[in-house]
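Undergrad: We have chain A; now place chain B onto it with these hints.
Chains A and B, in that order, are what the protein sequence lines are.
For the first sequence, this note's numbering begins at 1 and goes up steadily by one.
For the second sequence, this note's numbering begins at 1 and goes up steadily by one.
Treat the hints with care, as some may be off.
With a straight-line Cα cutoff of 16 Å, these simulated EDC-like cross-link-like pairs (lysine to aspartate or glutamate) come out [stated by the list, open to error]: (1) A:64 / B:172; (2) A:64 / A:141; (3) A:254 / A:238; (4) A:299 / A:326; (5) A:91 / B:172; (6) A:254 / A:332.
Simulated from the structure, these hints should not be mistaken for laboratory data.
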Amino acid sequence: MCFGDKVAVHNVDLSIQQGEFVVLLGPSGSGKTTLLNILGGFLQPTDGRVLIDGKDVTDVPASKRPTTTVFQDYALFPHMTVAGNVAFGLKMRGVSSSEQKTKIIESLELVGLAHLAERRIHQLSGGQRQRIALARALAVEPSVLLLDEPLGALDLKLRHQMQEELKEIQKRIGTTFIHVTHDQEEAMAIADTIVITNDGAIEDTGKPERIYLQPTSRFAAGFMGESNFLEGTVISCDGSQTMVHTAIGKFLLKEQGTEGDVVTLSIRPEHFSTKSGIRSLGEARILETGFFGTHHQCKAILEESETMLKVRLPQKEVIQSGELIELFIDPEDLTMLRS
Amino acid sequence: MFKFRNLAAFTYAILLYGFIFLPVVVLVLFSFQESRVPIPPFNGPSLKWYHAFLSDGRVVEALYNSIAVALLSSLVSVILGFLAAYSLARHNIRYSGIIQGLLTAPLTVSYLIIAMGLLITFNTLGIPKSLFTIGIGHVVINLPLCFAIIYSQMGAHQANIERAARDLGANEWQVMGLISVPMLWPALFAAFFLSVTFSWDEFIIAFMVSRFDVTLPVEIWSMLRTGLNPKTNAVGSFVFLVSVVFIFLLDFILFRKIKN
Chain A
1 MCFGDKVAVH NVDLSIQQGE FVVLLGPSGS GKTTLLNILG GFLQPTDGRV
51 LIDGKDVTDV PASKRPTTTV FQDYALFPHM TVAGNVAFGL KMRGVSSSEQ
101 KTKIIESLEL VGLAHLAERR IHQLSGGQRQ RIALARALAV EPSVLLLDEP
151 LGALDLKLRH QMQEELKEIQ KRIGTTFIHV THDQEEAMAI ADTIVITNDG
201 AIEDTGKPER IYLQPTSRFA AGFMGESNFL EGTVISCDGS QTMVHTAIGK
251 FLLKEQGTEG DVVTLSIRPE HFSTKSGIRS LGEARILETG FFGTHHQCKA
301 ILEESETMLK VRLPQKEVIQ SGELIELFID PEDLTMLRS
Chain B
1 MFKFRNLAAF TYAILLYGFI FLPVVVLVLF SFQESRVPIP PFNGPSLKWY
51 HAFLSDGRVV EALYNSIAVA LLSSLVSVIL GFLAAYSLAR HNIRYSGIIQ
101 GLLTAPLTVS YLIIAMGLLI TFNTLGIPKS LFTIGIGHVV INLPLCFAII
151 YSQMGAHQAN IERAARDLGA NEWQVMGLIS VPMLWPALFA AFFLSVTFSW
201 DEFIIAFMVS RFDVTLPVEI WSMLRTGLNP KTNAVGSFVF LVSVVFIFLL
251 DFILFRKIKN
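Bound conformation, chain A alone:
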C-alpha cells in the first residue's frame, strides 16, 4: 500500500483465527491504521489480497464487507438518538422493524446502556459514546470488528475499565476483534495475539507472554516494555547451545547460533536481582533511583565493564543512589536477537 511515493505497508502476511482478539501494536506511522483501513475496505491495497471467512473481499467496498469499525472519534451520528445510531446498520441491511427493536435492546444491554436509548448523542459522556459506538458496530453482527484506537480519548481509569469490558464482551460474543493501539500495556491487557508493526511491516506476531519474554527482534523487545541491549559475538555453538561473548562476560544460551555472528542480547530490567542468583555480574553502582510503587527503577553502571543498565528492583528493597550492590541474573532470562 503506497501513498504517493511513501510505502505505508508492505509484505504483510497475517492470518487471524476466528474468535481471536488481535491487537495491532506499533508506534504512530508504523502502518497499523493503514492495515486496519485495508481490512475495513476504506483503502484499496495496491497489491495483495484480503480474505475474510475464506472469501476474497479485496474488491468489496466497505459497505458490503462483513466488517464494522469502532472509530477513534466514535463518529456517532449527531442528529440521531442512541437507538437511531444503533439501528442504522440494521436499517441499511433491511432488517424488519420488530427485529430492529430486539437487536437494539440486545446491543445496548451488551454495553450496559439500554436505559439511554432515547438520549441524544451530545447528552452523553465520552465513555458512554465509546460504548454506543461499540454497540452500533456490533448490532449488525459482523464477522470481524475493527477497533481504531478506540480508547485513546479516555482518561486512564476509564481506559482500564473499558479494556476489561472489551475483553469480556469479546469472549461473550466470540466475534473476531482487531484492535489498533500504540499502548503496549493496553495490548498486553486485552490481546490473545499481538502483532507488532514497524515501518510498514510486521515485526513479530504471537501471544503477549511470548512476545514479551522471547521477542524475535530488537524493535519488538524495545517497544514492548523496557530492555537492556548488549552487543555480543557468538564464540562457539554445539547444536542446541550457543556461547556468546559480551562486554559483561560470556553467556551460554539455549539457542542456535553460528560461530562469528554478531548478535544482541536483551535483558529485561526486572530480571536483575540483588539476592545471590545463578550468575553474578559483579558490583554495580546505582546512579539514579526512583520509587514507582510496585518497584524501584534504577540506573546502574557495572564497575568492571562500565556498562550502563536499567534495573528494576523489588518494592521492599532499600536502595540509595551512589550505593554499590552486587547484581545477579539467570542466563535463561536472556534473549538472543540476531542483528
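TA: Coordinates of chain B only, in the frame set by chain A:
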C-alpha cells in the same frame, strides 16, 4: 476623565448608527405620511399608502414574482452549491483548487458586469428575457455564496461520520440523504436564507434581463421615475421588512446551532 471617554464613545456611536440607519428611518417614517409628498413635516401616521400599494395589481404581481424567483433560485443555488461542496470536500478530484477558484470567482465580479454578460449570452442564445432569466442570474450570484458557506462546514470529523455510515452498509445516496444533509442542515438553511435575501432585493440583474414580468425592486424603480410618492416608501419599507425577517431567521438558526 473616565466619564468624558464614555461620553465621547457614546456620541460616536450615536453619530455612526445615525448615519447608517437615518435613511431607513426616514424611508419607513414617511411611508406612514398622510399627504401626497414624502417630505417633512410628517403628518401621519396613516396606512393609506400601504393600502394603495397592496391594491395596485402591478405591484402585487411584482411581489409574487419576487417571492417565486427568490425561493426557486435559492433552492437551485443551495442544491448545486451542496453538490459541488460535497464532491470537492469528499473526493480526490484533479485540479480541485482550480475548480474551487472558478466556483467562488463570481463573488468578485460586480453585478453590473454579470448582468451585461448574461444579457449578451441570452441574446446570443435567443433565450427571451423573463422571470426564468432573472432566476438564472440570481443562481449565478448566489451559487458561489452557497458553495462557500456549505463547503466551510464540511470538516474532517463529518467525513469520518460519513465513513461510519458507509461502514454500516449505506450506499452513496443513503450517506448523502441520511447523514450529510441532516448533519449540514444549519449550513444549508443559512445558505438558503442568505440567498433569498440577496435575490429579494437584487436590482441590476433583474432590471437588465427582464421584460414584461418584473420583480419588486424593478417595479419600485419604475415607480420612482414618476416622482417621489409615499407609496414608493411603503413598498420600500415592505421590502426592507421582509429582508429583516429573513436575516432574523438566519441568525436564529445559526445561533441555535452554536448553542448545540
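Undergrad: Could you run down the list of hints and mark each one as holding or not?
TA: Consistency of the hints with the structure:
1. A:64 / B:172: holds (12 Å)
2. A:64 / A:141: Between residue 64 (chain A) and residue 141 (chain A) the Cα gap is close to 13 Å, so the pair holds against 16 Å.
3. A:254 / A:238: holds (10 Å)
4. A:299 / A:326: holds (14 Å)
5. A:91 / B:172: Holds, because 15 Å separates the two Cα atoms, which is no more than 16 Å.
6. A:254 / A:332: holds (8 Å)
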